[in-house]
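S.K.: Mind the numbering: the first sequence is residues 13 to 535 in the working numbering, read in order.
Careful, some of the hints might be misleading.
Listed next, the in silico DSS-like pairs over lysine-lysine satisfying Cα-Cα at most 30 Å (straight line) [to be verified]: (1) 298 x 386; (2) 68 x 185; (3) 386 x 264; (4) 298 x 123; (5) 71 x 185; (6) 78 x 315; (7) 315 x 215; (8) 15 x 76; (9) 298 x 185; (10) 178 x 215; (11) 264 x 215; (12) 264 x 68; (13) 123 x 264; (14) 123 x 76.
Bear in mind the hints are in silico, worked out from the structure with no lab data behind them.
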Amino acid sequence: MTKPHFYITTAISYVNGPPHIGHAYEAIGADVMARFKRLDGFDVYFLTGTDEHGQKVQKTAIAKGKQPQEFCDEIAALFINMCESMNVKFDQFIRTTQDSHKASCQAIWGKMQEAGDIYLNKYAGWYSERDEAFYGEDELEERDGKKYTTTNTEVHWMEEESYFFKLSAYTDKLLAYYEEHPDFIQPAFRKNEVVSFVKQGLKDLSISRTSFDWGVKVPNSKDHIMYVWVDALTNYISALGYPEDKGGNFRKYWPADVHLIGKDIMRFHAIYWPAFLMSAGLELPKRVFGHGFLLTKGEKMSKSLGNVISPQDLIDRFGVDQTRYGLMREATFGQDGDISYELLGNRINAELANNLGNLAQRTLSQIAKNCDGKVPNPGILEDADHHLLDKAGQAMLIAVRGEFERLQFSKAIEEIVQVANAANLYIDEMAPWTLKKTDTERMATVLYVLAEVIRNLGLIMQPFTPVAANKILDQVAVSPDARDFSFIGAAHALEAGTPLPKPEGVFPRYVHEEAEQAQEKTA
RNA sequence: GGCGGGGUAGCUCAGUGGUAGAGCAGAGGAAUCAUAAUCCUUUGGUCGGGGGUUCAAAUCCCUCCCUCGCUACCA
């Protein structure tokens with residue numbers, strides 16, 4: 013039986029600076045999704061990488077006395093390290109300076125040209141070198157006979173020969189596509205924005221430059237290089253081997269199931285990219301999902317405000333699993349979310365340490381002490397037992413899967429937390445510590461049911477907290493080859509008598525700095 | 001300016017005509033297996049302002065205020 017395929021991508025990160033929390037957030041989101049799908053029986057391909065061309069990169073490199081490629085190598089390494097430190101397991105890290113990528117860009121360019129969608133003309137306008145962008149007259153202000161952008165960078169009038177893409181020809185085709193594929197753009201409110209933008213009518217797009225040379229050469233042209241979009245967006249297929257497809261990955265994984273991107277680049281993925289693909293006669297991705305940004309105390313993070321929370325800060329403070337969980341939990345994916353050390357710390361303590369971690373610890377330590385350190389032998393199950401087991405089995409998987417289909421990670425976690433809640437309620441009602449004195453058989457049954465719930469929780473938590481979830485599974489002696497989601501539920505329940513290792517906490521409480529300081533004072 | 005979201009408990013949000021809800025935070029209690037964790041109870045809101053329709057409005061209509069997003073070539 014062949015597995016269904018699932019291809020997920022993040023945006024490729026521009027190498028004009030080291031990774032920040034936003035990059036980590038997106039990478040973790042994609043990784044959580046990829047892990048879920050792998051565990052749920054899919055053949056997953058997860059792509060991320062870096063966008064390395066452009067005038068800004070070239071200039072920054074030169075300013076630092078480096079060759080552009082050398083500079084890109086350094087920054088790309090930082091992004092790869094960030095993924096590793098966040099336990100983000102991609103299948104490929106693509107870089108747009110790879111030869112294979114360049115060849116792919118030239119191939120899709122050729123296709124678009126064959127379709128008659130590329131023509132040569134002149135692009136003229138007010139250009140800011142620092143921003144690498146043209147500005148409209150209305151976006152500028154004049155001082156001392158010079159023109160400046162609102163961000164206070166000087167602009168010059170520039171005329172440049174440029175290849176154009178006939179985006180205007182795709183207005184109706186795109187609108188029809190959105191209509192026929194209502195889930196193509198998500199969240200839904202982003203779709204509305206895109207549709208209303210396209211409805212205004214689209215202008216042709218300048219897709220080449222001659223003013224610098226750090227980019228992919230336009231086929232059969234001496235001095236044109238491709239400009240951003242054709243180059244950057246093509247990574248999603250160049251990574252799969254388009255056009256030769258020697259490894260068969262393109263055939264296998266394209267079209268992508270999800271392009272996971274930031275809300276700020278929605279337009280490029282929901283308009284330009286589909287138009288390019290239509291022009292080249294290629295299939296369109298199934299879904300483009302724009303996530304929100306992370307704010308802190310309601311404000312954008314910025315160096316000048318001094319409120320930057322870096323990926324490394326979070327790992328140092330909370331740990332990798334906790335950081336992944338906290339980010340996926342605290343914000344609704346698709347909307348902006350507020351994070352702070354306090355919010356994340358509270359969330360981690362309330363849900364991971366107190367609710368889930370302590371549930372495992374209190375159950376397993378009772379088993380260790382009172383059941384000879386083996387999976388207890390259950391007697392006849394009562395209604396309450398069945399009820400809890402059902403809730404923690406297929407029902408939980410189905411509910412969580414439903415949330416994953418919509419990339420609602422926070423809601424998925426809510427479903428899981430509810431099960432842990434129910435288990436805490438159950439353990440208090442059953443009070444196995446009392447049964448120990450009155451009815452050891454019933455105690456064994458209760459502890460068995462709880463161990464089984466913990467097994468299911470360990471399984472379902474793997475996408476979010478891979479290391480800790482697997483430690484939990486180790487503690488209930490689940491074989492490494494019995495950890496995908498097909499093992500959730502009663503059919504693969506724990507076997508009585510299986511020896512268990514000594515229990516150990518997996519989600520330590522986070523002690524807030526304030527509390528730490530207070531402790532030092534009293535000490 | 002145009003178009004589109006929001007404004008409900010301290011915080012995050014659910015709730016589209018019929019006695020105001022959840023989680024977290026706060027308060028009190030129970031229990032003592034456990035990571036001072038858990039469980040129970042509980043304080044707390046003229047549902048942005050005003051007007052209207054209705055037996056009845058957070059929910060429908062009008063108006064005003066506030067806030068956020070989109071409004072093309074940095075990514």
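S.K.: Is the Cα-Cα distance between residue 78 and residue 315 30 Å or less?
M.R.: holds (25 Å)
S.K.: When you check the alpha-carbon spacing of residue 123 and residue 76, does it fall within 30 Å?
M.R.: violated (38 Å)
S.K.: Given the hint that residue 298 pairs with residue 123, test it: the Cα-Cα distance must not exceed 30 Å.
M.R.: holds (21 Å)
S.K.: Regarding the pair residue 264 and residue 215, is the alpha-carbon distance no greater than 30 Å?
M.R.: Not OK: residue 264 and residue 215 at ~34 Å, beyond 30 Å, violated.
S.K.: Does residue 185 lie within 30 Å of residue 298 when you go C-alpha to C-alpha?
M.R.: Holds: residue 298 and residue 185 sit about 16 Å apart, inside 30 Å.
S.K.: Run the distance test for residue 68 versus residue 185: straight-line Cα separation, threshold 30 Å.
M.R.: violated (34 Å)
S.K.: Is the hinted pair residue 178 and residue 215 satisfied, with a Cα-Cα distance of at most 30 Å?
M.R.: Holds, because 8 Å separates the two Cα atoms, which is no more than 30 Å.
S.K.: For the pair we were handed, residue 298 and residue 386, check the Cα-Cα distance against 30 Å.
M.R.: Not satisfied, since the Cα-Cα distance of roughly 48 Å exceeds 30 Å.
S.K.: Would the pair residue 71 and residue 185 pass a check requiring their Cα atoms to be no farther apart than 30 Å?
M.R.: violated (39 Å)
S.K.: Does the structure keep residue 123 and residue 264 at a Cα separation of 30 Å or less?
M.R.: holds (21 Å)
S.K.: Assess, step by step, whether the Cα of residue 15 is no farther than 30 Å from the Cα of residue 76, and give holds or violated.
M.R.: With a Cα-Cα distance of about 48 Å, the restraint between residue 15 and residue 76 is violated, given a limit of 30 Å.
S.K.: For the pair supplied as a hint, residue 264 and residue 68, confirm whether the alpha-carbon distance does not exceed 30 Å.
M.R.: violated (36 Å)
Checked against the numbered hints above, the structure violates hints 1, 2, 3, 5, 7, 8, 11, 12, 14; every other hint is satisfied.
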